[in-house]
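Given next are the chains, with one letter for each unit.
Protein chains: 2
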Amino acid sequence: METFEHYLDKYAELAIRVGLNVQKDQTVVIMTPIACAEFVRKLTKKAYDAGAKDVVIDWDDDEVKALRMKHAPESTLREYPMWRANGMEEMARDGAAFLQIYAPNSDLLKDVDQERVAISSKTTATAREGFLKYLRSNQVNWLMVSYPTAEWSAKVFPELNEQDRIIKLWEQIFKLTRVDKADPLAAWNEHIALLTAKQDMLNTKKFKQLHFKGEGTDLYIELAAKHLWVAAGSESKAGTFFIPNIPTEEVFTMPARSGTNGIVRSTLPLSYQGSLIDGFSLRFENGRVVEATAEVGQEVLNKMLDMDEGARYLGEVALVPDDSPISNSGLIYYNTLFDENASCHIALGNSYPFTIDGGTQMSPEQLAENGYNKSLIHVDFMIGSADMSIDGLYADGTREPLFRKGNWA
Amino acid sequence: METFEHYLDKYAELAIRVGLNVQKDQTVVIMTPIACAEFVRKLTKKAYDAGAKDVVIDWDDDEVKALRMKHAPESTLREYPMWRANGMEEMARDGAAFLQIYAPNSDLLKDVDQERVAISSKTTATAREGFLKYLRSNQVNWLMVSYPTAEWSAKVFPELNEQDRIIKLWEQIFKLTRVDKADPLAAWNEHIALLTAKQDMLNTKKFKQLHFKGEGTDLYIELAAKHLWVAAGSESKAGTFFIPNIPTEEVFTMPARSGTNGIVRSTLPLSYQGSLIDGFSLRFENGRVVEATAEVGQEVLNKMLDMDEGARYLGEVALVPDDSPISNSGLIYYNTLFDENASCHIALGNSYPFTIDGGTQMSPEQLAENGYNKSLIHVDFMIGSADMSIDGLYADGTREPLFRKGNWA
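Heads up: the protein sequence lines correspond to chains A and B, in order. Numbering-wise (our numbering), the first sequence opens with residue 1171 and increments by one. Numbering-wise (our numbering), the second sequence opens with residue 1171 and increments by one.
In short, the hints are calculated from the structure, not lab data. Just so we're clear, the structure is a prediction, and the values are computed from it rather than from any experiment. It is possible that part of the hints are untrue.
Since copy identity is lost for identical chains, a pair holds within one copy or between any two.
Restricting the straight-line Cα-Cα distance to at most 25 Å, the calculated cross-link-like pairs of lysine-lysine (DSS-like) are [as the list claims (entries may be wrong)]:
no., residue 1, residue 2
1, Lys-1223, Lys-1292
2, Lys-1407, Lys-1303
3, Lys-1223, Lys-1280
4, Lys-1240, Lys-1180
5, Lys-1368, Lys-1575
6, Lys-1223, Lys-1235
Produce the complete structure using the sequences and hints provided.
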């Protein structure tokens, strides 16, 4: 058993060398809560070791954000310091790499007026759209990783004491990101090869539709005609191969905007802007959510769907076998980066241009013609379970089993 | 005896209400190391309570900075993300208030090549000049306060254990900033009135020169013809009265750029960019340092003087009696904000435009004609002691005693 320091070091190395794949003379931007400072310093050193030209930190604090949501005048929530958004966009245009440490303390927003949270989220999303399109379309190499905070670990292990929670959560993270292997980088190469094989298999099939069937779910999702299945890694405009999420277990693609019909029931709670939405069902007609009911968080679910018109349409469908390391851990992480890799999922909101052939070169109009959905949100939620069946349907209506009892058939 | 929380709250209130004097609908920018997060959140809440429109935090981390100094390519040290500097300038132009929390961990720079530190400092100072001129000329309300970090308290109380050091340093700060008084705001009003009386007295005298005499010091400083003595507070362009430094015990003004002659010896060590300069003497001829010797830190002193031509000329002369609360505490704080308020001091580098009559309205050429010194640095160092005598000299050469044995005569 190696020391914690050893694993943390490996985790940072995995992020910089494999996930982000920092190139010589590249600027690296780290977007992070201040609570992750220790890890940020490790990443910074590793980035310079990898030849980074500069490391710029974009610090953030959820407590300060919550104070703003609670106490700033409402008009302020409609404003965003554009110099900050433009600065990020400028660095993206110049080919920087972006590493986001995802460690939200969303409990802080619990007692904030949901209307104010929605206004602020929309303002931020709109202001950062120019910057985020560089990431969404994989024009630059980017990465999202998580880092345990006291708040997060308390959600996953409420029964443990403060110190044990963090240790336990680190153990899980090291395991689920293969950092506990003797040679994590080699383990990742092997893992990427397996996911890529699934991706290639699905791309040769050229299914017209997927049919999901499970408890409370009977859903047909038409895929975009030019859809591309994507797994694990992508290539940036400059030709850098990177893995935008660590961990990653999914193979995903783009639904045709108007082609989803039927009903789907969530199988895991969804944490959205500090509030939990649970036991919810959505009914789709021609791609649009026409009915939405939740056992918990009905109001928040409605607010989410009302963000903009695109928030009622799908932007992603992803396949993850029930027999995956994250699912097998038997834990709910209340963190999309982990939970989405435990289960088949779909996302409401914005599509990824790189999930259709030629998409990153298309104009907004061309994207729309090809089934792309545009929205300020992209919210994944889990629909997979141990009893889920998925069929692939060809254009002529014939079916092929893809998943049986939650796993690849 | 009140709780620590009580005093910390009062300290934040003093900063927001008296020091910065936040106005309704003003944006407040807090520039701070991430180590001061707890205090930043308190200040943020107080700022909204005072009617602030928005609170923007500009986080910073000395460890990340040190990693950059050590490991970034040298060409990077000559670059600054201009979007960041321009953003700060934009907010200053729009009338924001700026609060800087001064808690440097300069030990981190100890083992960095001084040449690289100097390059980086110069780049940063040049990039931020447009922004800083708003503060230097008091166009906006601004404030500098300190916050104890583990590193700082270790310097002041090396003999104590880690926990006691911080407690002891907080006790000192609360005392020296009058936060321990029953009504700190009333105590400050009284203190400001006393300092303002000294300022007004000196302004009626219209001295031509000051003559400093002490151990190793025999220095004549000619004052700028239009010099204004300034104490405690200033008024921003928008008419807000603010106290830019907490604590403050000084009355200061502008020397005439070419009018300093003689020799001066430092009476306290100077911490400059992570290095200590101690026991140093400077010889001036017609305003310019022509000879500089230090018992400790000769190389760093040379680097500082070579920053630019203005670094060899004085930009400020300040009077502080030896019988001041900070001096009476008998401690060296290794922090200019405290040490400069314990002792008479002079500063090498940039002058403050508001220390000559009409200076904030003058063009750079007009400022130069009136004795203003321009430099990227402004470094205060202490020259006062219990044996210092200061005379004021009128234009006709007659003398008036100002200080005897370190205190007001």
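Structure-based check of each hint:
| no. | hint | in the structure |
| --- | --- | --- |
| 1 | Lys-1223 x Lys-1292 | between (33 Å within a copy, 19 Å between copies) |
| 2 | Lys-1407 x Lys-1303 | within (13 Å within a copy, 41 Å between copies) |
| 3 | Lys-1223 x Lys-1280 | between (40 Å within a copy, 23 Å between copies) |
| 4 | Lys-1240 x Lys-1180 | between (39 Å within a copy, 22 Å between copies) |
| 5 | Lys-1368 x Lys-1575 | within (18 Å within a copy, 86 Å between copies) |
| 6 | Lys-1223 x Lys-1235 | between (31 Å within a copy, 14 Å between copies) |
Comparing the model with each earlier hint shows no violations; every hint is respected.
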